[in-house]
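Chemist: With the sequences and hints as input, model every part of the structure.
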Amino acid sequence: MIAVPGLLLLSPLLTLIALLVRWRLGPPVIFRHQRPGLQGKPFWLYKFRTMREMRDPEGHLLPDDVRLTSFGHFLRSFSLDELPELVNVVRGEMSLVGP
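Residues in the sequence shown are numbered from 15 upward in steps of one, following our numbering.
Warning: the hint list may mix true and false statements.
Unchecked claim - Label pairs and their calculated CB-CB ranges:
{"#": "1", "residue 1": "P71", "residue 2": "P26", "range": "41 to 51 Å"}
{"#": "2", "residue 1": "R36", "residue 2": "M68", "range": "27 to 37 Å"}
{"#": "3", "residue 1": "P71", "residue 2": "T29", "range": "30 to 40 Å"}
{"#": "4", "residue 1": "T29", "residue 2": "S91", "range": "37 to 47 Å"}
{"#": "5", "residue 1": "L23", "residue 2": "P77", "range": "30 to 40 Å"}
{"#": "6", "residue 1": "L23", "residue 2": "H74", "range": "16 to 26 Å"}
{"#": "7", "residue 1": "H87", "residue 2": "L27", "range": "11 to 21 Å"}
{"#": "8", "residue 1": "L75", "residue 2": "V43", "range": "14 to 24 Å"}
{"#": "9", "residue 1": "G106", "residue 2": "T83", "range": "25 to 35 Å"}
{"#": "10", "residue 1": "G51", "residue 2": "L76", "range": "36 to 46 Å"}
{"#": "11", "residue 1": "P19", "residue 2": "K55", "range": "22 to 32 Å"}
{"#": "12", "residue 1": "F88", "residue 2": "E67", "range": "14 to 24 Å"}
{"#": "13", "residue 1": "L110", "residue 2": "R69", "range": "27 to 37 Å"}
Don't read these hints as lab results, they were simulated from the structure.
Bear in mind that the values here come from a model prediction, so they are computed numbers and not experimental data.
Every residue, glycine too, gets a C-beta built ideally from N, C-alpha and C.
Modeler: This is how it looks when you write it as structure tokens:
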């Protein structure tokens, strides 16, 4: 199981990114989205938040390209926003490679 050592080794980076997300975007730091897992069983996928919560006057979310911050773009460029998915791997909800 490589995810547990990965989480331990990356914990300083995860902490730094979490603090920066909190400082740049405010809470919540983690974005979660329900996804279908093995045999269609749903699970919560975790990522660092990269977009602002911005809505139009009618209350609809603005397009992603408007809400994505420069810091969020940086995180996505290097897939750093996906590091919290290691928690999903440890919990057995995802694998590191493949479906």
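Chemist: I'd like to know which numbered hints this structure contradicts. Please list them from smallest to largest.
Modeler: 2, 4, 6, 10
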